[in-house]
Amino acid sequence: MDLPLSDILSAGHLYALTGAVLVGLGLYAFITQRHPLRQLLAVNVVGAGIFLILGSLGRGPDATDPFPQALVITGIVVAVALTAFGAAMIVRQAETRAAAKPAADDNARGAS
Amino acid sequence: MSPLDLLVAVPLCCMAAALLLGRAARGLILLAAPLMAGLALWLALLPPDAAYLVGQWELPLGILLRADGVARLMILATALVIGAVGLHALVEPPEKPGHAAQAETFWPLVYLLWAGANAGFLTTDLFNLYVTLEMVSLAAVALAAMGSLAAALRYFMIALLGSLAYLLGVALIVARYDTVDVTLLAQLAEPDLATLMALGLMTAGLLIKAALFPMHGWLPPAHAAAPAPASALLSAIAVKLGFVILVRLWFEAFPAITGPAALQVLGGLGAAAVLYGSVQAMRQDRLKALVAYSTVAQVGYLFLAFPLVAGAIDPGDAWAGMTLQAVAHMLAKAAMFLAAGLMLKAAAGERIADLGGLAQAMPLTVTAFGLAAVSLMGLPPSGGFTAKFLLLTAAIEQGAYLYAGVLILGGLLAAVYLFGALAACFAPATTPRTPVTGGLRTAAPLALAGLAIVMGFGGTALVELSAIAAPWAGPALILPEPAP
Amino acid sequence: MTFAFDLILCLMILGTAGIALFVRDALAAIAFFIAFGNLMGLTWLGLDAVNVALAEIAIGAGVTGVLLILARARLLALGDDATCSGTPLWLRLGALAACAGFVVLLAASVLSIPPESGLDRVVAPLMPGLGIENRVTGVLLAFRAYDTLLESFVLLGALVAVWSLAPAGAWPGRPADPGMTDAPMRRVAGTFGQLLLPVALVMAAYLVWAGSDLPGGAFQAGTVLAGGLLVAAMGGTIGLPSSDRPLLRAALVLGPAVFLAIGLAGIAAGGLLVYPEGMAKALIVIIEYTLFLSIGVTLALLVAGPPVPDASHPNPEGKG
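Protein chains in written order, with the working numbering: chain A, 18 to 129; chain B, 5 to 488; chain C, 91 to 410.
Derived by calculation from the structure, the hints in this document are not laboratory data.
In this text the structure is predicted, and so the values were computed from the model without any measurement.
A portion of the hints provided could be inaccurate.
[Unchecked claim] Pulled a few chain C residues facing chain A out of the computed Cβ check, cut under 10 Å:
no., residue
1, G176
2, G228
3, L285
4, V289
5, M293
6, Y296
7, W299
8, A300
[What the hints assert, rightly or not] Label-pair distances were calculated between CB atoms; the ranges are:
no., chain 1, residue 1, chain 2, residue 2, range
9, C, P336, B, G443, 18 to 24 Å
10, B, G102, C, L338, 20 to 26 Å
11, C, P336, B, D53, 52 to 58 Å
12, B, G409, C, S175, 41 to 47 Å
13, C, A300, B, G443, 35 to 41 Å
14, C, T173, B, I400, 54 to 60 Å
15, C, V194, B, I412, 41 to 47 Å
16, A, A80, B, D53, 50 to 56 Å
17, B, A41, C, A188, 45 to 51 Å
Using N, Cα and C, we set each Cβ at its ideal position, and we do this for glycine too.
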């Protein structure tokens, strides 16, 4: 089955457009979310959108450019490295806050 | 063998060695500091066309490393700053008391920052620059987290956004031009929508990293709260890579696209940063917050220089002024943070009002702070004076009196807040102060501040050095033939 | 693949991303994020980018997903459920307008660029000189090996950065036990781990080997190894090591260091990362095997987090 849309929009452009919308969605979530963990998730969605733009615009009629593919793999690894550090910082911050709280006033909560 | 690769490889070797050596790794700086300084000097003395392709893979696929004047000066200053800060950190622990993890991880992070900064200054490849930008950001956030985790987390989030904006711009460039090399883009670039969008995104991302007003919000809390050696590295080096990449983009890859209006926007933000940063610095009552806001102001000068470089008939002076401003700030600000760290250790508290009695108790450290202040204010003789004088001349020649006014006013405001801090050191102490001095501890800030002053005597040589392979000087670099 | 399939896939990607970003409950958000990552992997398959598909599913969805789940669990133990919080309406409206405008500009930019595999023509004639078939591996470990070398140090640096967060009194120590608190689950994970670890090792080794000619490579393989190590650790089959163990340090540094050493040895042949004539494939394979081991261990420890004072549990410890 074929849709008329496919005449004006190549698969490469369709995925690149999806990437652009992902970037926008992620950015909106990054701005409107307060929790750092949710912001970190939003950043990863933005990253995935950028990678999709990068890769799909290298999609020629008979081959996909290996150059942007390699850049995407490098980008994915850098992204996970940063996400790991960010997640660790978020948890540490929550831990120090939880540790400071019972010291300040005596109604210790939730912290096991 | 060439310093172009060793300047990156040696700090990476040190980082690996530091992880293997564990707690014994701190001594490594005794070896690394002189070695890197030697390599940086070697780089400065290379012939003007020094460049090579990594792995001998040609453009547009490969990665070109090149030693232009900006790279030579920034790498030399980086070697001096990290060398001195490292030696200082041997005797003056960079960690919070009791944090053994910070004491040990400080060293590999410093080497990561060093390798990333040098790699970034040398490469002409926009994607490679993304990787180096992340090396520097990662190390910088981790160093900032040694002071305040909350400030570091904020820095991290905003830096992440900046990285992604830059990466998105690079992605559009890859798709549009099938290359990410600055020297090739200089020949290929066209002012179409995709290119403009890419340049806008990369610029926005890098301005966040360089902390130009109004994207500076993350900087003062992070830089003020970090331990002094970490603050010195953050203010001196971490914000400079974003600036250098912007220089590469605006003056080398896309000069045909960056219209005068856009340049005036950058210049205007720079001028606003000078004024805003200075006024905020005056309002601080904590010493390190004052020094951190001074960075916001000093970064402003770098961008105030953009329209002056682009508008000059012979951009040599403005270009040198911009580059030397970066170098002078690196030396002076690192000196100032180290000195401030020592002063605060001896002082009654962390406020400027607590500094009383220090001029008598630790005169050499206060001298270091004072010499650094002279350069930051732009008083002669100093590197800061040379830089601001060159910029001022360029501004007056072009009839850009507004920028000239900001250059003069910025110096006056800096004088007000820095003299204020110095004067506090001469106030009588309420209780006797135990000085924190001796050996490398005092020598490091004093040497850095001294260098910032000595820079003022090397004017002509430094101006010539900054002009090596400069984009406005024509194609000095003979490029290998690009693959068909 | 037909256009209809592409279109449905894109809509599903946007749908899962939307839920992952805006659903209230954090665990649901992460679950949809993982689903999103897997759909992205499918997309990369559709784009004939199998190497990226493997990396996206293993790292983008897998490791990142586990990282987020673990972080969320640790936050929950501290009474922080990481739910969406309401932001003021003006902020949401402003952000919506700004983001919508941005997407329109970005979409127009993207549409102005014709999708082409321009550099494939440059890469293809260079491949015979390397002696390997996989062009992406060629770009990663030869033409752009410098990027990859620096990136391997970024990954190592991230672990150092995570370690730097260890609270006072925790150093040198072990990361918090990622183990199942539920006894039957722990037994299941234990048995599974005993089985999975050798399988993961073999599979990963194969992925590296295949990476020369078929899709695969050090990063994808390293992730498989990390997954095996983590499941084994969750079931208690292996204990997570103390951060100062010399053997651990050596394992972490091995890959980047060998890569750097080979790069520096290239100076004798003409410059950094120059592979001497005829030796490219052998050197690439050496780099990939050592790198994969280090990446596996690094990723596993990145997920585990910084050392904690008491090796048994993630306590909210007192600060120093």
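Quick rundown of the hints versus the structure:
The criterion of a C-beta within 10 Å of any C-beta in chain A is met by C/G176, whose closest approach is roughly 9 Å, and the hint holds. A hinted interface residue such as C/G228 counts as satisfied when its beta carbon comes closer than 10 Å to some beta carbon of chain A; here the least separation is about 7 Å, so the hint holds. About 26 Å separates the beta-carbon of C/L285 from the nearest beta-carbon of chain A, more than 10 Å, and the hint is not met. Taking 10 Å as the C-beta contact cut-off toward chain A, the hint placing C/V289 at the interface is violated, the least distance being around 23 Å.
Nearest Cβ of chain A to the Cβ of C/M293: about 19 Å, over the 10 Å cut. The hint is violated. Given hint, C/Y296 at the interface with chain A, is violated; its Cβ is 18 Å from that chain's nearest Cβ, farther than 10 Å. Because the beta carbon of C/W299 sits about 18 Å from the nearest beta carbon in chain A, more than 10 Å, this interface hint is broken. For C/A300, the interface hint is violated, since its Cβ never comes within 10 Å of a Cβ in chain A; the closest pair sits about 15 Å apart.
For the hinted restraint 18 to 24 Å between C/P336 and B/G443, the CB-CB distance of approximately 32 Å leaves it violated. The hinted range of 20 to 26 Å is satisfied by B/G102 and C/L338, whose Cβ atoms lie roughly 24 Å apart. Hint check: C/P336 to B/D53, Cβ distance near 46 Å, so the stated range 52 to 58 Å is violated. The hinted window of 41 to 47 Å between B/G409 and C/S175 holds, with their beta carbons roughly 46 Å apart.
The supplied range of 35 to 41 Å is broken by C/A300 and B/G443, whose beta-carbon atoms lie about 57 Å from each other. For C/T173 paired with B/I400, a C-beta distance near 59 Å keeps the hint of 54 to 60 Å intact. Range check, C/V194 to B/I412: Cβ separation about 44 Å, and the 41 to 47 Å hint holds. Between A/A80 and B/D53 the beta carbons are some 37 Å apart, a value that contradicts the proposed interval 50 to 56 Å.
With their beta carbons about 47 Å apart, B/A41 and C/A188 fall inside the hinted range of 45 to 51 Å.
Consistency with the previously given hints fails for numbers 3, 4, 5, 6, 7, 8, 9, 11, 13, 16, ordered from lowest to highest.
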